[in-house]
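Letter by letter, the chains look like this.
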Amino acid sequence: SQTIHQWPATLVQPVGSPLSLECTVEGTSNPNLYWYRQAAGRGLQLLFYSVGIGQISSEVPQNLSASRPQDRQFILSSKKLLLSDSGFYLCAWSVLAGGPTDEQYFGPGTRLTVT
Amino acid sequence: AQSVTQLDSQVPVFEEAPVELRCNYSSSVSVYLFWYVQYPNQGLQLLLKYLSGSTLVKGINGFEAEFNKSQTSFHLRKPSVHISDTAEYFCAVSGRLTGGGNKLTFGTGTQLKVEL
Numbered sequence: 001s002q003t004i005h006q007w008p009a010t011l012v013q014p015v016g017s018p019l020s021l022e023c024t025v026e027g028t029s030n031p032n033l034y035w036y037r038q039a040a041g042r043g044l045q046l047l048f049y050s051v052g053i054g055q056i057s058s059e060v061p062q063n064l065s066a067s068r069p070q071d072r073q074f075i076l077s078s079k080k081l082l083l084s085d086s087g088f089y090l091c092a093w094s095v096l097a098g099g100p101t102d103e104q105y106f107g108p109g110t111r112l113t114v115t
Numbered sequence: 001a002q003s004v005t006q007l008d009s010q011v012p013v014f015e016e017a018p019v020e021l022r023c024n025y026s027s028s029v030s031v032y033l034f035w036y037v038q039y040p041n042q043g044l045q046l047l048l049k050y051l052s053g054s055t056l057v058k059g060i061n062g063f064e065a066e067f068n069k070s071q072t073s074f075h076l077r078k079p080s081v082h083i084s085d086t087a088e089y090f091c092a093v094s095g096r097l098t099g100g101g102n103k104l105t106f107g108t109g110t111q112l113k114v115e116l
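Chain order of the listed sequences is A and B. This note's numbering numbers the first residue of the first sequence as 1 and each following residue consecutively. This note's numbering numbers the first residue of the second sequence as 1 and each following residue consecutively.
In short, the hints are calculated from the structure, not lab data. Worth double-checking, as some hints may not be accurate.
Interface residues of chain A toward chain B, partial, derived using beta-carbon atoms under 10 Å [stated by the list, open to error]:
1. 32
2. 109
3. 113
From the three backbone atoms N, C-alpha and C, an ideal C-beta is built for every residue, glycine too.
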């Protein structure tokens with residue numbers, strides 16, 4: 001069966017510090033990978049998605065970047081965190097070459113607090 | 001552009017009572033709709049989805065939803081709720097992404113609180 005892991009589970013970082021969140025998927029090959037952010041009192045917003053190694057697409061301009069160094073690894077980064085980067089970050093995957101009918105499978109999330 | 005509106009941010013209900021969580025969507029293309037549930041500090045779990053065919057969709061944990069094209073709605077219902085149903089519920093519409101994959105556009109969520 002497929003599983004998706006995220007770490008760390010919680011993180012408290014000062015403004016201006018760097019960030020690295022990691023997501024890994026097991027039990028599937030060549031997945032589409034996604035990063036979402038859930039800000040307090042708001043819905044989930046798609047930040048980045050990837051259809052293959054080294055292929056990253058950004059949905060919204062922001063202070064964050066993403067990378068996919070391996071097939072089942074997806075990393076979210078920032079060089080300097082802002083207060084507005086606080087939120088709950090969720091990684092998800094779906095089958096490759098899928099389409100709008102596909103389910104996305106979500107990880108447990110990382111709660112980031114920028115102080 | 002696609003969008004989803006969940007009008008109720010919070011819905012309190014007593015245990016064993018019925019509940020309806022409302023969702024309205026906007027889409028100019030084929031409509032694919034999802035309901036996800038999020039328990040505290042956890043990721044999202046799929047409850048059910050509408051892709052085509054029968055407008056009444058049954059999901060896990062006794063939930064069901066009805067797709068209504070004329071009213072552009074996809075309301076979630078359960079005839080009798082349990083304490084364990086306390087969670088946040090998200091409605092989403094799915095669209096195709098350039099190069100593959102799909103984008104889920106979520107509503108702002110409805111917090112269901114089941115009380116004794």
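We went through each hint and held it up to the structure:
1. 32: It holds, given that the least Cβ distance between residue 32(A) and chain B is near 4 Å, below 10 Å.
2. 109: holds (5 Å)
3. 113: Violated. Min distance 13 Å.
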